[in-house]
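2 protein chains.
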Amino acid sequence: MDVFKFATPEFIFGRGSLQYASICAKRLGASKIFVVSDPGVEEAGWVEKLLDVLRAEDLDFVYYCDVSPNPRDFQVRKGVELYQREEADVIMALGGGSPMDTAKGIALIVSNGGDIRDYEGANQVRNPLPPMVFIPTTMGSESNISQFTVITDLERRVKMTLISRTLVPNISISDPLLLGTLTRELLIPPLYDSLAHAVESYVSPIANPFTEVWSLKGLDLLIRHIRPALEHLHIDDLEQLAIAGSSSGMAFTNASVGLGHALAHSLGGMFDVVHGTAHSLLLPVVMRYNLPACKEKMAKIGEIITGKRYGSDEETAMAGIAALEELREELGIPCRLREILPDRTMLSQASHNAVKDICMLTNPREATWKDILNLYYEAW
Amino acid sequence: MDVFKFATPEFIFGRGSLQYASICAKRLGASKIFVVSDPGVEEAGWVEKLLDVLRAEDLDFVYYCDVSPNPRDFQVRKGVELYQREEADVIMALGGGSPMDTAKGIALIVSNGGDIRDYEGANQVRNPLPPMVFIPTTMGSESNISQFTVITDLERRVKMTLISRTLVPNISISDPLLLGTLTRELLIPPLYDSLAHAVESYVSPIANPFTEVWSLKGLDLLIRHIRPALEHLHIDDLEQLAIAGSSSGMAFTNASVGLGHALAHSLGGMFDVVHGTAHSLLLPVVMRYNLPACKEKMAKIGEIITGKRYGSDEETAMAGIAALEELREELGIPCRLREILPDRTMLSQASHNAVKDICMLTNPREATWKDILNLYYEAW
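Respectively, the protein sequence lines represent chains A and B.
Residue 233 in UniProt numbering sits at position 233 of the first sequence, and the numbers go up by one each step.
Residue 117 in UniProt numbering sits at position 117 of the second sequence, and the numbers go up by one each step.
Keep in mind that a hint or two might mislead.
One copy or any two copies: either way a pair holds, since identical chains are not told apart in the list.
Claimed, not checked - In silico DSS-like pairs for lysine-lysine, Cα to Cα no more than 30 Å straight-line: (1) 356 to 295; (2) 49 to 5; (3) 370 to 295; (4) 308 to 356; (5) 370 to 26; (6) 32 to 5; (7) 32 to 78; (8) 295 to 308; (9) 78 to 49; (10) 26 to 78; (11) 32 to 308; (12) 295 to 32; (13) 32 to 370; (14) 356 to 370.
Hints are computed from structural coordinates only; laboratory data are not their basis.
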């Protein structure tokens with residue numbers, strides 16, 4: 001077995017754990033906290049809740065919320081200016097992937113200088129970042145756990161992936177009660193992002209015994225709880241989904257992801273397609289493409305999804321993929337890429353972008369831009 | 001579900017990973033490294049290997065090896081003096097639980113002052129410790145992962161357990177090649193310590209979904225690899241045991257342990273009984289005692305040990321306990337406490353010590369000192 005690394009943040013998990021935000025910030029030496037969130041989270045009332053927790057401990061803070069889905073490079077730059085002007089020293093993000101990834105971008109630039117695009121790719125970060133406490137209000141990105149941040153370069157219309165151990169937050173506070181304001185529609189895309197994390201990290205060539213445990217745990221919990229959670233939005237199921245998200249997060253931050261993420265990043269950068277929606281459309285197609293390179297592992301995935309083994313590894317794997325397609329139909333969400341992207345002429349450019357995505361390095365099967373174009377067509 | 005915390009160090013795992021010791025120390029800002037090991041590890045040649053790795057990168061270091069099994073308070077004090085005199089700034093431990101626990105004790109006192117006994121119990125540490133890089137040469141203690149350190153107070157003849165998040169090393173470098181110089185006799189006690197970690201963390205009242213995964217993974221790997229590993233001492237099995245040890249380590253550092261550890265600590269403090277040997281004698285007895293309080297979980301344990309389920313939870317659990325007793329006989333190690341402790345008159349005092357052990361707080365079933373005495377007698 002090759003040498004591998006495994007790093008995760010410190011976790012605080014549980015209903016009501018939002019109240020620990022002040023203690024965590026204090027422990028990390030905060031004198032002024034830079035709080036990053038977005039308008040949606042604000043509307044749900046969580047920003048005010050968090051700020052109340054900080055106020056109750058007389059903690060000083062600055063609030064920044066110029067964050068959009070698929071967060072942009074200029075939103076990082078604006079945040080950096082505010083952080084520096086206000087002389088903040090601890091970064092706290094509250095929200096989904098967008099505020100958390102923006103917060104990481106800001107933390108990176110205030111400590112390392114330059115522009116966010118200077119750090120695209122893996123291991124480009126030199127200096128340690130200011131302490132980070134991240135509080136997710138949804139699942140999917142697991143940016144509160146991961147060494148990833150994904151920021152859109154507006155000029156190139158490319159979603160840049162930045163990977164560095166320094167991007168792992170110090171503390172992740174995961175309070176399942178915060179999932180309680182999500183609607184069914186808001187919850188579906190992150191669930192598919194988590195499914196993609198579990199599957200892609202498991203078949204990654206750099207998967208290891210420590211990540212495999214979490215990939216399978218995450219997948220198992222997702223499969224068990226997606227249907228009941230979406231039907232009733234009950235806290236018990238939401239809590240299990242939060243655990244599932246964290247599980248696949250611990251897997252993919254250390255084993256990375258593959259082709260599916262490369263394809264989804266490219267659609268996000270060019271057409272602003274919601275990341276999780278891209279996965280719901282692409283995951284089965286990508287799994288079928290990767291199958292020849294990892295039959296045994298895909299069979300294990302199939303076994304978890306369907307709850308049984310079929311005649312051969314390949315049959316078991318294919319049954320799993322088919323079951324994912326059935327789930328998608330059952331949920332009544334788009335099943336074809338054309339439903340959200342009527343014009344397919346730009347998919348050729350999307351393929352050229354995708355093949356350069358850093359996640360291609362950790363896919364179990366190689367793919368040319370033409371292979372990728374065929375996959376897009378298959379999903380279209 | 002209650003709020004829970006989950007923290008682990010950064011891991012570097014794999015054959016040959018010892019060579020990363022320098023990079024890790026540098027990353028933590030080392031200008032002079034305080035290396036702690038013991039005569040046995042030195043004799044096996046690993047200390048020289050590590051020092052060569054440090055020399056190759058021109059890293060300055062001080063070497064300290066006045067460490068015995070069940071390490072003593074005065075060994076911590078002597079280390080503190082040397083650390084301060086030499087103005088070291090990063091602590092590196094190489095060895096089993098004894099050098100690692102001693103190193104933690106030293107790190108604690110140089111940053112927090114006072115005497116080691118001032119910090120007995122949970123959460124008594126105020127200041128952050130100097131950066132720690134730990135390299136285990138055996139399994140069992142998992143001090144390279146855990147927030148525990150156990151130091152013997154010679155005056156009271158008590159093994160003090162200290163628990164604090166600050167005692168988690170920054171980086172754990174686990175190189176399975178280092179297990180290659182262990183003999184069968186050296187390997188058996190740590191294997192039993194790991195078994196006890198897996199079992200006790202799983203039934204702990206503060207177990208949570210994140211720790212349960214690791215308890216079961218550790219137990220499963222131990223059961224699969226103990227026999228072949230002890231027969232051939234082949235690196236492939238040793239590597240799996242190292243993963244098993246780390247797995248149960250990640251579980252117990254966050255879920256703690258119970259009665260079995262309280263009993264073992266007491267025997268260690270009073271009679272210098274090797275910690276893992278105590279577990280090999282006590283574990284089945286402790287499991288039977290705890291069974292009424294956690295039948296379902298003990299059945300899961302039994303299922304993993306025996307590979308099947310019996311009629312009821314209780315039967316499955318009992319089959320697992322019986323299988324552990326068979327394993328012990330098969331290995332030809334002592335099966336009765338009397339074999340290593342001919343006089344049982346002091347067991348009453350040992351019970352009084354055990355009932356005060358902090359691990360009693362996380363046992364699923366309460367026990368008085370008389371219950372404990374009966375358990376000692378049962379094992380005797």
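**Q.** Unmet hints by their number, sorted upward, for this structure
**A.** Per hint list: 4, 5, 11, 12 and 13 violated.
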